[in-house]
Structures are given as structure tokens and as C-alpha cells.
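These protein sequence lines are chains A and B, in that order.
Each residue of the first sequence is one higher than the last, beginning at 1 in our numbering.
Each residue of the second sequence is one higher than the last, beginning at 1 in our numbering.
No lab work stands behind these hints, which were simulated from the structure alone.
Watch out, some of these pointers could steer you wrong.
Unchecked claim - Below 30 Å or equal to it, Euclidean Cα-Cα: the simulated BS3-like pairs (lysine-lysine) are:
id	chain 1	residue 1	chain 2	residue 2
1	B	LYS344	A	LYS218
2	B	LYS344	A	LYS182
3	B	LYS344	A	LYS162
4	A	LYS166	B	LYS344
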Amino acid sequence: MHKRRRLVLCGMLLLFLTAGCWDRIDIEERGFVLGTAIDLSKNEEEEENIEAESPGKPKGKTRFILTNQMVIPGTIVEDNSGETYNVSASGDTLFECVREMAARTSQSPFYEHNKILILSEDVAKRGHIPSLLDVFLRDKEMKRSIQVLIAVGEARKALEVKPQNKEMPAMYINSVVNNAYKNLGMHPEVLVGDIHEYLLLDESFTLPRIMSDGDEIKMTGSAVFQGDAKRMIGFLSSEETEGLNIIKNQVEGGLFQVEIEGDLIVYEIKKLKTRISADVADPLRPKFHVTVLAQGNLGEKYAMIDPFDADVITNIEHKLEHEIERIVNSTTEKLQKDFETDAMGLGTLLKRNHYKVWKRLEGDWDRGEKYFTRCEIEVTARVQIERRGTIIKSHGALGDM
Amino acid sequence: MHRQPGKRRKNRHSPQSALSYEAAVSADVIENINHIKQILQSPSDLTVRVFTFGQKKLQCGTVCIDGLSDRSLINDHILQSIHRLQYSPELVSTNMTADEFIVVLENEVLSAHHIEMTSSLDKIIGSVLSGDTVLFVEGSKHALIVESKNWPRRALEEPSTEALIRGPRDGFTESIETNTALIRRHLHDPALRMETMKVGNRSKKNLVITYIEGIVHPDLVKEVRRRLESFDMDIAPESGFIEEWIEDSFLSPFPTLLHTERPDKTSAALSQGKVAILLDGSPFVLIAPATFGNLLQSPEDYYERWMVGTLLRILRYAAAFCAVFLPGLYIALVSFHPGMIPSKLAFSIAATREGLPFPAAIEAIVMITVLEFLREAGIRLPKPIGQTIGIVGGLVIGEAAVTAGIVSPVMVIVVALTAIASFAVPAYSIAISFRLIVYGMMLAASIFGLYGLVLGYIVLNIHLVNLKSFGIPYSTPFAPNLSDDWKDLILRAPIVTMRKRPEMMQTKDEQRINNGGSMR
Numbered sequence: 001m002h003k004r005r006r007l008v009l010c011g012m013l014l015l016f017l018t019a020g021c022w023d024r025i026d027i028e029e030r031g032f033v034l035g036t037a038i039d040l041s042k043n044e045e046e047e048e049n050i051e052a053e054s055p056g057k058p059k060g061k062t063r064f065i066l067t068n069q070m071v072i073p074g075t076i077v078e079d080n081s082g083e084t085y086n087v088s089a090s091g092d093t094l095f096e097c098v099r100e101m102a103a104r105t106s107q108s109p110f111y112e113h114n115k116i117l118i119l120s121e122d123v124a125k126r127g128h129i130p131s132l133l134d135v136f137l138r139d140k141e142m143k144r145s146i147q148v149l150i151a152v153g154e155a156r157k158a159l160e161v162k163p164q165n166k167e168m169p170a171m172y173i174n175s176v177v178n179n180a181y182k183n184l185g186m187h188p189e190v191l192v193g194d195i196h197e198y199l200l201l202d203e204s205f206t207l208p209r210i211m212s213d214g215d216e217i218k219m220t221g222s223a224v225f226q227g228d229a230k231r232m233i234g235f236l237s238s239e240e241t242e243g244l245n246i247i248k249n250q251v252e253g254g255l256f257q258v259e260i261e262g263d264l265i266v267y268e269i270k271k272l273k274t275r276i277s278a279d280v281a282d283p284l285r286p287k288f289h290v291t292v293l294a295q296g297n298l299g300e301k302y303a304m305i306d307p308f309d310a311d312v313i314t315n316i317e318h319k320l321e322h323e324i325e326r327i328v329n330s331t332t333e334k335l336q337k338d339f340e341t342d343a344m345g346l347g348t349l350l351k352r353n354h355y356k357v358w359k360r361l362e363g364d365w366d367r368g369e370k371y372f373t374r375c376e377i378e379v380t381a382r383v384q385i386e387r388r389g390t391i392i393k394s395h396g397a398l399g400d401m
Numbered sequence: 001m002h003r004q005p006g007k008r009r010k011n012r013h014s015p016q017s018a019l020s021y022e023a024a025v026s027a028d029v030i031e032n033i034n035h036i037k038q039i040l041q042s043p044s045d046l047t048v049r050v051f052t053f054g055q056k057k058l059q060c061g062t063v064c065i066d067g068l069s070d071r072s073l074i075n076d077h078i079l080q081s082i083h084r085l086q087y088s089p090e091l092v093s094t095n096m097t098a099d100e101f102i103v104v105l106e107n108e109v110l111s112a113h114h115i116e117m118t119s120s121l122d123k124i125i126g127s128v129l130s131g132d133t134v135l136f137v138e139g140s141k142h143a144l145i146v147e148s149k150n151w152p153r154r155a156l157e158e159p160s161t162e163a164l165i166r167g168p169r170d171g172f173t174e175s176i177e178t179n180t181a182l183i184r185r186h187l188h189d190p191a192l193r194m195e196t197m198k199v200g201n202r203s204k205k206n207l208v209i210t211y212i213e214g215i216v217h218p219d220l221v222k223e224v225r226r227r228l229e230s231f232d233m234d235i236a237p238e239s240g241f242i243e244e245w246i247e248d249s250f251l252s253p254f255p256t257l258l259h260t261e262r263p264d265k266t267s268a269a270l271s272q273g274k275v276a277i278l279l280d281g282s283p284f285v286l287i288a289p290a291t292f293g294n295l296l297q298s299p300e301d302y303y304e305r306w307m308v309g310t311l312l313r314i315l316r317y318a319a320a321f322c323a324v325f326l327p328g329l330y331i332a333l334v335s336f337h338p339g340m341i342p343s344k345l346a347f348s349i350a351a352t353r354e355g356l357p358f359p360a361a362i363e364a365i366v367m368i369t370v371l372e373f374l375r376e377a378g379i380r381l382p383k384p385i386g387q388t389i390g391i392v393g394g395l396v397i398g399e400a401a402v403t404a405g406i407v408s409p410v411m412v413i414v415v416a417l418t419a420i421a422s423f424a425v426p427a428y429s430i431a432i433s434f435r436l437i438v439y440g441m442m443l444a445a446s447i448f449g450l451y452g453l454v455l456g457y458i459v460l461n462i463h464l465v466n467l468k469s470f471g472i473p474y475s476t477p478f479a480p481n482l483s484d485d486w487k488d489l490i491l492r493a494p495i496v497t498m499r500k501r502p503e504m505m506q507t508k509d510e511q512r513i514n515n516g517g518s519m520r
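Next up, chain B with everything else stripped away, as it sits in the complex (with noise of 0.2 Å):
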């Protein structure tokens, strides 16, 4: 499947497609209950309410799915209200049509938030399908949809991929409104933007595009729509599915799309001049354009000191070059060049490597496996046991695969480095990043030695000045230097002194102090 920049194709009406309804909405009322029963093949959590009102007995339906859509609002405001009217002749004159009838409703009877009149099915059944109740009059060909969504929802949690010892505690849900909410409540900004749009034909799920017009770029908006309008997929389980649809470069190894759990993230990023996409469903919204600096923050720089903030993201670069060049440095300094280890290290790492049956390729890559197996194993096992992995592996390989002379202690140090090394980066997506360029670099180690190291370092950078996200290069601000963005890359200067919002962003709004915003 191809991207087709520019080109629409949600609303498809093929006849092969079953996805959409031409039917519109017909007077009978039984008609159009069993036509949506058709549809959707009577599903058991359909419930089909049929009444009939007045004197004339005009008959009435409600339709909604059990589970998605709010009982009480039902019972309270829909039928409820419509029985009631009864008791109101001021409101209703027999000789009333149907037509005329469904207005009254609409206007003065149901008192729910949001109520819209509709004639195609198509549309009813989208509404239905997310949790909405469709009421139809006798002799209407126009139905009332009215929002009674409900849907099972998760409380707010701490977000457990992101979590900071300082900083809100509050994170994403799946429920796209609590989202939005919670963006909203970081920004009371009445520049907030939020776009909303429909995602995959047949999950139909919500996404939104929000951004601060007045700081974004306004070209950066126009892409990111282009690119989220420019693909057709059936369904969209997760923010994932989007990032690898949008994403510069699905080749990379790197992510081009930040995605974060955390709303003060979020805004802050807006606030940057960025572009949030949220989606229906994942708690993980996705934050365009992110750049290889961007990777290596966390909020918490900015919430802590400043000083503590500069030496932790310090920390975080070497550890981001211990968690992808350990493991090929040892291989390259203990296979072809021990001349330059310090002596005395050399002596007892010979001394540990002395009788082990493998070279220290060998031993490398298979430690270094062993470790991703147990990783990925600590993941799936069920909270309380995924303790146990730690001590079992540690056990198994720190102990008795030393004691019975396969691994050399030394390669158990530098496996663990590694791994810790790795956890270090904030960011999840490039974390694993890292522990798939080990490999090459191992490989790299293993058949060139340090020379092999060298190139591989090389092309890794060449590969990142070359990637770009949404138009901005990977690599900024390093390369192209941008001297002022350096006061929040490696550095974090006082927040006093970032007087601008990131050059690379080239927001319209560039003062981030003393100036109250143009849009206020």
C-alpha cells in the first residue's frame, strides 16, 4: 500500500465495501429498527426500546448498544421526558405532524447536552456503534441522535512508563475526551487548537490534532494533516499504528515521533511549537517533530534545578554511548587491541577470560541476548512474578554461568552496564532503538575491532544528520547548529535565560518571556 499525499479516500462508496449506508431513514419506525438489526446482525447488546405516545398512539423507538451508552440519561432524560409530555397539552397539539412533532422534541423535550437530527442511516449507526441513542418518531423520515455516551473507562493514572520522582502525577487515558481535558487543563489558552478527525474504516476511531496557533509553524500543521489524511487503514489499535504511518523514514531505526503519557509533556511541547496527535484509545499521544536532543530529555530537568538538570542529561548522553558502544568496546579492546587497557586491567581480565570456551564475540553477543531474553521475560510474566526474573537471571547468569567458568566476570560487568545503561534513556522508543544498533556494533567490534567500531559510529551518524522529522533535521540542534537551542540540549540553562522558544521550531510567536503572548 502506497501513501497518496493529498488524496481523501475515508468515505469510500464502492460497492464491494460494506462499510457505509447509503439507506436514509424511512417513516416506519419498525422499518428502521430492523434495518439497523440487519446491519449489525442483531448483536445481543443491542436494545431496542418501541413506545407509543399520546392519544394517537404514535409510535416511537429508542436504539442504543447496552454497555456504551448511559442507562440512567436514558431513562431519565430521553423517556422520561417524552412520557411526561403528556401531561403538557400546551406543548403538543394532536393535528401536530411527526416533522413538527420531532422539533418539539429536539428544542424543548430532551434535555440532553447534545442532540443532533439526522436522516442517514450511515450516520446513525456510527452514532449508535460509539455509544449514542437514536430515537425515531412514526412518520418522521428525520431521527434524533442524542449523546448518552458511557464508555468503560480507566481513573487517572501515574503513568507507569514515564514516571518522575517530581512532576504532576496525573497521566493519559484511553478515553480521548479525558485526554483533550487534560491538555485543556495545563493550557487555558484560547489558541489551543483541537482538529478532530477519523481514523481507520472500519475502527472509525477519533484522533486529534492539537497545537497552540500563533506559536506552531503554520506549515508544520498543514503536514502533519497531509500526512494523517494521506493513508487508508482499516483499523488503529494504538498511536503506534499512526507513528509508523506518518513517520519520516519507517527504515530507521530511530523514532522520528515522540510519544509520551504525560499531559505536562504534552503541553510543554505545544508550547515549543510542536503538534500533538491524540487517538481514541491509547493513552500514548504522539508529539511531532522530535529530534535525537529531544529523546534524551525528561521533564524533570525542567522541574528540578537547573544544575541538577544539566548533569542528569550529561549522565543521560554518556549512558545513551555506554547502552550502544559498551559491549562492541570490550569486544574491540579484549580481541584486538589489549595493548590499550591499562596494564593491571589487562592482566586480571585475562586472567578472568582465562579457560573460557568462547571468544569474546561469542560471549558478548550471547550475554547480551541473554539479557534481552530476560528483559522481555520480566515484561510478560505477571507483575508479582516479574520480580523474580530479576533475582532467577541475575542469579543464573551473574553466579553460576561465572563460577562455572562460561562467561568471564568481566563480560557480566559490562552486560550489566549496558543494561543499565540503557534504562537511563528516558524515552522508551529510543531505548530500544539502542539495544538493536548493539548488535551491529558488536558485529561491527567482532570483524574490524575498534576500526569496526569507528565505522559503525560513523554511519550511525550519518544516518542521523540525514533523518529529518516533519522537515526538521534529526540532529538539530547539533547539526545544523543552532547556537541558542544549545541552552536546552546538553545543557539545561536557568529558565530565566531561555528567553526564546526552540529557533528549530521557527515559531511565530517567538518570546517565551516578558511579552504575554501575541494571541493574548
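With the rest of the complex left out, here is chain A (with noise of 0.2 Å):
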């Protein structure tokens, strides 16, 4: 009787000390690393001092260059506004740097309010994503909802930007993509967990694309990633990642320009459904019918057009149909061409539903025999204007139209 209690006091003594949090650090002790950016070490002398210091040592690939945002919580006024520092370290692996990083702070960086991960453009067409988002997801410190963008040219360039309004960069850069839902040619955001999902999947996929220009950064257009080689083919256009967020069926907003007698008009968009069908009478060149159907506001009008005439809305709604389609096939037409790569999502629509005709074609989908850049893609947009504006008329010489 005695033993039993003494084994159940050990047992609760031992859950007591040998699980818990140990890690106690108080909170103006932690580095808060806001946004993170990785480069490719272009550095030679660096390396050969490398090579003096630790001859032995095992060498990767490459080297990186990892940039951390830290903030200065003490510097925080309102509204993001603060000052922030960039401290780079260069290693073979992340956590090499990581590593390297805390010998040159005074804060150990804590990544749990990481916001966003910059990858240079050279690091992702070097196919070095899958190994590098690794510890993104491997470690306990990582969030799955980390932000992750392609930057053309140098990525730690785009946190050392300096917004006008002293946002802290990170915070500015996390916070302009919520304005996707005003401009068509930006993509949603793309989290840690979304590529860990096209990854496993070996799914071609986008990311969106950041460009800085000293204070300023401008966050159109998208990066394709092939999802067999998982490595980036090239930049879409900001006028091509409008196709593709209209066939993604990822439109929140936005805005279409048409000419009208010789004039343009802006079209508001308000509400933006893609449905796509897929036709596989042939099954190794499936036929897809994409369905664009649009309902929006006359947003601003330049042409002199009459807005209560019928005729003349049909006329637009015509117009702005074969914008859209026009749109959409440019994009098709990159992707299937140029980059030969479904990052539509098109395989995984046959794969939902048509999985007899996808198990033929999933391995010379956008790889091998490329099925992909022969299928048909047949674009067919509806559009429909429903509020005209609140004015009746806004040229007062032009009364009779």
C-alpha cells in the first residue's frame, strides 16, 4: 500500500517537473522578428574566410543570406508606426544563421509575430523553396500563417523600404495586401501552409510578387512555381495575374477599362464567379470551358455615351466581355506556352472530377509528356452592369444624349 502511494506520488511529481514550459523569457527580452527575408550569398571572399576559420566543417550548396525585421517595441507610437532594424546573417542553413544572428543582437529573435517571409527571385528559381520553408514549418517558434511573397531582385531590399506614414516595413507590406480586394492585378495572399499543401500535392502553384523601389513597394503580378521541379519559371504580369485570379475564381474586387467610342469607361466589379467545366470526350486533350460571370457598377465614364440607354449598356456589357476573355487568354496562353505550367489549378479540377481521365494524365500533366499546354481552354464572360452611378447626367453641354 505504502509503495503504490509513493509510485503515484513519484508519477505526479514527475508529471509536475519533466513536462512544462522552461523556456521563461520575458517578453521585453525577446527580439520580435517581424518579416524575414532569404537571398543567395553572392559573397566569395566571405566563403574563403569561411573556409579559413572552419576547414572541416560540412558545406551546403549554397549560402544564404537571411535578413530578420526586428522592432523596437520602446519606439511604438500608433498605428504600426515604429522603428524597426534589419540584421542579416549569412550561413548554409537558416538556423546557421539564426545562429549567427544571436552573437550579434542583444535580443534572441522569437518568430512567433513573424508576419512575412521574402524570397528573392534567384533563391526560388534555384529550386531551394521545399528545403528553406522547412524550418518555416518544422519549428515550434513558426507560424503556419506567415506571409510568403516573391521579390524581384534582392529580397532584403523590399524590408528597407521606408513607408511614408513611418509604418514599420513589415507591417506595411503585410497590410497592403489586404488591399487586394481594389486592385485585380494583385494576388491573395499565400501563406507557410498553403505551399506546405502544394508541395505535398506536387501541385504548380503562384505566389504574389513584391517590388520595391527604395520607399516604396508595389505588390502586382505573381511568381509560378512548377510543382514538379518546385521551382520558380517566371514572373506572371500584373495584367496576366488579373486572368489568373479571374480563372482561380479569387476575384474580390477590382476594376475593368473598356473603349467606348473612343473614350473609356471603368467598370466596377463587385461580384466576380468563375466555373469551369471540363470536357474529356478526348482524354488525353481535355477541353475546358471556363464561365466568367461578372455584376458591377459603372464606375467612371469618360466617353460620352448615354448611361439610360439600353442599347448603349448592352453595347458596354458586350465590350467588357471580350476584355475578359481577352484577359484571360493572355494568361492562359503564358502559362501554357511560355511556362508550361497549370498553375490554374486546372489538374486538380480533372482530378475532383474526372479521376479516371487524371490518373492517365497526372504524370505528363505540366510535366513529362506536358498534356497541359495541348488542352483547349475556351473562355466565355457574362457581364452585367447594375448601378449606373448616382448622377443622371455629369456633362451639361451634351443634355440630348
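Each chain sits in its own coordinate frame; assemble them with the hints.
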């Protein structure tokens, strides 16, 4: 009896003493990392130094430069504005970079508040994404909700922007994505967790593109990744990203401009739904019907037209339909002909709806035989103009129109 | 001292004990009076009046304690009545014996509302000490105890610990007669029972067990009676003494009896099949049994509209949670899991904590302790100065400590919220328990972080479901789950829908509405 009691007591003690969060570090001693950028190291001299310092050390294929943006909490006033500093360290692995960094900063980097991960074009193109993301998925301090962006040029330059409103750069970049509902050319946010899924499924995918220019960043366009090679193929321009967003049915808003009677009108999207159906009569050459349904308002009018004339409206709607078809076609063309990569999720569609067909195509969709490049994509758009604005006339002289 | 259930040891007749007196009343008045004087060691407030009656010069004597007894009653209804008797020869014949004379006095002369004839000196002393007047007659071995109690008593006041916006303003006082009367005023039920006991073998105070027969479960009354009879102590200055003797677990931080100063609350509890225990000299009435849910209820929940009552109850549960876990949660989040705080908040907390000398755990424990000092000081100080302690404390802690860079402003907010939350808990007895548990939670959080806090929560819950109050699990109706009783738990359902008395009380008369009650 006593022996059992002692055993239970021991068990209880172990329960208390062996588990638990021993990593007690007070909040002010943590160095909050807000954003991370990864570049390739091109510094030959440094590599020679390392070689000299530790000759026998196992070497990786490439050296990376990890840049962390750390916040200085004392300087935070309101609305994300505050001072930050960037720390860079190079190493063969990211962990090495982090440890290297610990030797340079007073506060130990803390990643649970990390918002963005920016990868340089070079890193992406050389196919380092899967190995680099490993630590972002594996480490317990990392969150799956980190936003991933591909930078044109050097990634750390994006973290060095100085926003006009004194916001912290990483927070600023993070909140720019939230404007996606206003701009059709912006790729919606992609999180580390999403990429994990793509990588596991061997799917091709796209990531938002970020371009930095001193004080500002621009977040239109996207980077296309091939699912097999898992490396970046190239960038889609802003307009091609519009088409991509339409096909992937991820439009939250934006506008189209069409020319009518020699001048422009602006169509503001309120709702845009895309349905894709596949015709697999010829299993090796599936045919996709993309149906786009758009609802929206007449946003701005330069052309001298009467918006209360039903024929005029129908005319505009037709023009818009052509415009949408043009945009989508340019995207599909680029993806099929230039990139030979199915970043539109057509393969996934086949997999869900025509599994048998997909089984045959699976290995040779956008790799191997590349059946994707040969399939036919037919786009039909239907556009409705619902509201014509709150005024009847804007040009007095044209009152009779 | 161990409780010995079922063994009543009130009247101890041991030679060592000077608490009871075997002596009987003697025929000699002077001897009786001297005897009393000797036992009480002639206290200054003992008033003795010896007089003679009639032509035979029959010696009589009254004994009472000045201050406890009503002087005018003694003058007008005892002394004067006996004097007048001399002029009514038809009542007293000269050859009457002393015993016959004393019977005439009891039945026809004295106009007090309660007279008792006795021959036990023990009883006489007990009565004299509680304010009655005793009348000896020369030659009789009996004496008359005439009730003349007039104790100093306080007027009815609004209960200060349980003030309400809406509800009766009267509260119990220190006088048990007033208290039983107040309950009777709320319940003109012929089935209302009041059983009297004496507690304290030195204090010999009156204690009343009250319940409504026909509603209460008989076993509950038996159990209360058994527990009250099972202990032996010398004095009982407050009902808190009784509570500690009869509660289920004196090792638990949670009170398993409810105490209240409100007659309305007491009568409502009685109508739910509970038992109330009143102690003379204490304005706090004990109500048994009490569950965790009861302690977070206030009478006002029923007096205001039901939606408001429901909202208040939800708020109270939230407040109870905050009062126990807020400082611990702060420590855990700040020291262990800053990733769980929203980014902007995390940065601003980090900013305010920059340059502080102590880790969050020490800071929290010190601050909560200072808060406890303030609370204690606020109670001790005389009322006019009590106000200033708030200002001084608030200034010292809130402003100066932050400006001096000793504590972070967020910590001050957390401590203040904890204090406010604990004041929002209606039962003071459980609110102080929460103040105790806060320390445990802070300790758990400072060693193990959120994991420790969760462990603490689990331990607390295990304790709560194990606890019982007079046979009823403390966590009823959460566990065991009594779905009908949920109507009056976190929600306060409209009174119209609460047709039955609480299921957990297993009342004999279940129906609350539309049956007139079984006793009528």
C-alpha cells in the first residue's frame, strides 16, 4: 500500500517536473521578428573566410543571407508606426544564420510574430523553396500563417523600404495585401501552410510578387512555380495575374476599363464568379470551358454615352465580355506556351471531377508529355452592369444624349 | 478536538466543571440570594431587591441583572402588582402557605407574558444572566422566573455587505428574536419550523434552525441537527464559528455554507427547501446547503427583469474567472507565450516593460499583495478615512510606481481588473476564497506557464466536483447535471417558467407554481 502511494506520488511529481514550458523569457527580452527575407549569398570573399576559419566543416550547396526585421518596441507610437532594424547573417542553413545572428543582437530573435517571408527571385528560381520552407514548417516558433512573397531582385531591399506613414516596413507590406479587393492585379495572400500543401501534392502554384523601389513597394503580379521541379519558372505581369485571379475564382474586386466611342469607361467589379467545366471526350486532350459571370457598376465615364440607353449598356457589356476574355486568354497562353505550367488549378479540377482521366494524365500533365500545353481552354464571359451611379448627367452640354 | 457525531455533550456534570450548579432553591430567600451572589461573585450589575409582604411580613426577593432586564417592567408588573395585592384580601388569606402564595402570584397577580416556576438554581442563574427576573418567596422551595429581557439592540439597518439597488432594505440584527420575526414577516407559513438549541457551554447562546416542513427534505434537517449537536465548544461569538464546525470540509478554500444578512434571501432559500441557522448575537444567518452556483447569485437577479438578471449572472461568471485567472494568464502570456498575444499588443506590452527591474511573475505577485494590503487597510480604517486609502493607494500604485519605472502600466491594469472582478462576485465569502486561489494560479503560471495554469484549472475543478455541502455535490447542477436546474444557474429564466423547486434539493413539495402548496 505504501509502495503504491509512493509510486503515485512519484508519478505526480514527474508529471509536474518533466513537462512544462521551461523557456521562460520575459516579453521585453525577446527580439520580435516582424519579417524575414532570404537572399543568395554571392560574397566569394566571405566564403573564403569561412573556409579558413573552419576548414573541415560540412558545406551546403549554397550560402544564404537571412535578414530579420526586428522591432524596437519602445518606439511604437500608434498604428504600426515605430522603428525597426534589420539584421543580416549568412550561413549554409537558415538555423546557422539564426545562430549567427544571436551573436550580433542583444535580444534573441522570436519568430512567433513573424508576418512575412520574402524570398528573392534567385532563391526561388534555383529551387531552394522546399528546403528553405522546412524550418518555417518544422520549428515550433514558426506559424503557418506567415505570408510568403517573391521579390524581384534582392529580397532584403523590400524590408528596407521607408513607408511615408512611418509604418514598420513588414507591417506595411503585410497590410498592403489586404487591399487585394481593390486591385485585380494583386495576387491574394499565400501562407506558408498553403505552400506546404502545394509541395506535398506536387501541384504547381503561384505566389505574390513584390517589387520594391526605395520608399515604396508594389505588390502586383505573381511568380509561377512548377510543381514537379518545385522551382520558379517566371513572373506573370499584373494583367496576367488578373487573368489568373479570374480563372482561379479568387477575385474580390477591382476594375476593367474598356474603350467605347473613342473614350474610356470604368467598370467596377462587385462580384465575379468563375465556373470551369471539363470536357474529357478526348482523354488526352481535355477541353475546358471557363465561364465568367461578372456583376458590377459603372464607375467612371469619359466617353460621351448615355448610360440610360439600354442599347449602350448592352454594348458596353459586350465590350467588357471581350475584354475579360482577352485578359484570361493572355494568361492561359502564357502559362501554356511560355511557362508550360498549370498554375491555374486545372489539373486539380480534373482530379476532382474526372478522376479516371486524371489518373492517366497525372504524370504527364505539366511535366513529362505536358498534355496541359495542348488542352483547349475556351473562355466565355457574361457581364452585367447593375448600377449606373448616383447622377444622371455629368456633362451639361450633352444634355440631349 | 474531534467531532463525535450523535453524542450530545451539552449538559456535562463533571466535578471539574464549574459550569452547572446542582443546588436547588432553598426555603430561605436570603440564602438563595447569597448563593447566587456567591456563584456570580457579586457583580456590580446584579440588582437585588428584598421586601416583605402583608401582615405576616413574608419575606420576598427579586434578583435581576441591570441593563439586561426591563426596569419599568419589574417596577410596574412585579413589584407594584405584589404591593397592590395587600389591598385585595380576597386573593390572599393570611393562613396561606408560601407555595400556595407563589401559585397565586404566578396565575393571578404577575402580568408578565412569560412566567416559569422552577426549583433549579442552575436554571435560575441561566435565566438571570439572559435578562429575566427571578422572584423568591420565603418558605417556598420554588421560585418564579419572570421574563423581563430587554437587551440593548440595534435598529434595523440596510445590510452593508449585501446592498442592493432594488429589494428590501431591512437586514438581520444581532438579536435573534428580531431575526426570527423578520423571517416570519416574509413567510406567514404555518409550516415554518423554528427549533431552538443552546450552543457554547459558556456562552449558552440561542441558536435557531429554521425550515419549512413539507418542502425541505427531512434528511437534510436531521443532518443539520446532527452536525449542530455533534460539537462542543465554549463560546460562539459569530455564526462563522458554527460554519466552521458544521461545514463539510474545513480544508477547502470554498465556503460550503452561504451566509447572508438579508431576510428576503433567507426566506427564498427556505422556500427552495434549504435550512437556515440563526445564532443569537450574529446578524449573519447561515444557509445550508450551498452550491457553487448559489454563491454567484444575488437576490437582485430575481428582482430585476429576467434578461437583465441573466446578463448579470453571465457577467459574474466572467468576473469570477477573471478574479482567479487574470494575473496568472498575464504572467503566462508575457513570460512564456508572447506569441499568443496579438502582435500590436505584444509590442506595446514589451515597450512598457522595457527597463523594469523584476520579471512579470514577481511583479504580479508583489502587486497583488499590495492590493491585498490596500483592501485590508480600507476595512480597518475608520470610515471617514477609508475613502482616502483608495486615493492614496491608487495614486501610489497607479501613478508613482509606473512613473518610477517599478511596475508596468499593463500590470496595474491587470491588478485593477482582478480587484474589480473580485468585487463583482456577490458572496464575500467566495470572493475572499478567490483572492486566495489567485496566488496559487500565479505560482503555477510563473513556473509552468499556460500549462501550469491549465493544471491549476483542472485541480480546481477536481476539487470542486469532489466537494459536497450537506450531501449535495458542490458543483450541482453542472455535475451531476440536472437539466431543470439550469433554468436558474447561469441563466435566470423568467419566473413564470420556473415551475418547480430546485431538483437538487429533492423537495417534498416540488411544485412552485399553481398548486397552493401541500401544507395549505
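Consistency of the hints with the structure:
no., hint, verdict
1, LYS344/B to LYS218/A, "holds, 24 Å"
2, LYS344/B to LYS182/A, "holds, 25 Å"
3, LYS344/B to LYS162/A, "holds, 19 Å"
4, LYS166/A to LYS344/B, "holds, 15 Å"
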